[in-house]
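> Chain by chain, the residues run as shown.
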Amino acid sequence: GAVVSQHPSWVICKSGTSVKIECRSLDFQATTMFWYRQFPKQSLMLMATSNEGSKATYEQGVEKDKFLINHASLTLSTLTVTSAHPEDSSFYICSARKYSGDEQFFGPGTRLTVL
Amino acid sequence: EDQVTQSPEALRLQEGESSSLNCSYTVSGLRGLFWYRQDPGKGPEFLFTLYSAGEEKEKERLKATLTKKESFLHITAPKPEDSATYLCAVMGYSTLTFGKGTMLLVSP
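Same order as they appear, the protein sequences are chains A and B.
Under our numbering, the letters of the first sequence match residues 1 to 115, in that order.
Under our numbering, the letters of the second sequence match residues 116 to 223, in that order.
Some hints could be false.
[Said to hold, decoys possible] So the derived label-pair ranges between C-beta atoms look like this:
hint : chain 1 : residue 1 : chain 2 : residue 2 : range
1    : A       : T17       : B       : E170      : 46 to 56 angstroms
2    : B       : S133      : A       : G16       : 51 to 61 angstroms
3    : A       : F39       : B       : S139      : 19 to 29 angstroms
4    : A       : F39       : B       : K184      : 24 to 34 angstroms
5    : B       : K194      : A       : W10       : 21 to 31 angstroms
6    : B       : G156      : A       : E63       : 21 to 31 angstroms
7    : A       : G101      : B       : K184      : 22 to 32 angstroms
8    : A       : L115      : B       : K194      : 39 to 49 angstroms
9    : A       : K55       : B       : Q129      : 47 to 57 angstroms
10   : B       : Q129      : A       : L115      : 39 to 49 angstroms
11   : A       : S73       : B       : P155      : 29 to 39 angstroms
Keep in mind the hints are simulated off the structure, nothing from the lab.
For glycine and all other residues, C-beta sits at the position ideal for the given N, C-alpha and C.
Pulled out of the complex, with its shape left as it was, chain A reads as follows (with noise of 0.2 angstroms):
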């Protein structure tokens, strides 16, 4: 099997407050993990690609001191959304990839409403 859990599954929090969301692979290890987020009706939109132990890689116009990612071992990485505003309210999904293969297996989101 493959698979991802994300945690929690939903949040809400107020105007410029943190919020720290968990993406575990559990049964797998996963050398690289991704995030994205999912706006209704759209497309996943990458936010940023973390491989274990080094920094992650943030894709163009994401800020990186907004949305802080950590990597800590092959089986959880975190994205905190720090000073949340409502313009950050959305779904976010974390995903993760074997050390072989190029399949990414995704969690089951987070959907985070920032008031």
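Following the hints, put chain B in place on chain A, whose structure we already have.
Showing chain B alone in chain A's frame:
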């Protein structure tokens, strides 16, 4: 820049009515084309990977095919539980580029 266009945007079928979804792409050096299924409020579920023109993959009522410019996802005798959004993605150098998806609704 890699691009993926999926059509139609939405498709409504009767149970048992076979059809095909299209994914047209442009990519610098195709490393793989992927199909995913996404249910509302959930993350995408991996279906197939295709690597070269002429390749076909099958899983239950689904069959994916690939040419040099497009891929098709054929759905044979669909059931209501096949209702979902089907996403196509291409991998060029290192990252996936997704299309917007085709929302499929199968009515009993």
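> Take the hints in turn and mark each one as holding or not.
A quick look at each hint next to the structure:
no.	hint	in the structure
1	A:T17 <-> B:E170: 46 to 56 angstroms	48 angstroms, holds
2	B:S133 <-> A:G16: 51 to 61 angstroms	52 angstroms, holds
3	A:F39 <-> B:S139: 19 to 29 angstroms	22 angstroms, holds
4	A:F39 <-> B:K184: 24 to 34 angstroms	28 angstroms, holds
5	B:K194 <-> A:W10: 21 to 31 angstroms	29 angstroms, holds
6	B:G156 <-> A:E63: 21 to 31 angstroms	26 angstroms, holds
7	A:G101 <-> B:K184: 22 to 32 angstroms	25 angstroms, holds
8	A:L115 <-> B:K194: 39 to 49 angstroms	40 angstroms, holds
9	A:K55 <-> B:Q129: 47 to 57 angstroms	52 angstroms, holds
10	B:Q129 <-> A:L115: 39 to 49 angstroms	43 angstroms, holds
11	A:S73 <-> B:P155: 29 to 39 angstroms	31 angstroms, holds
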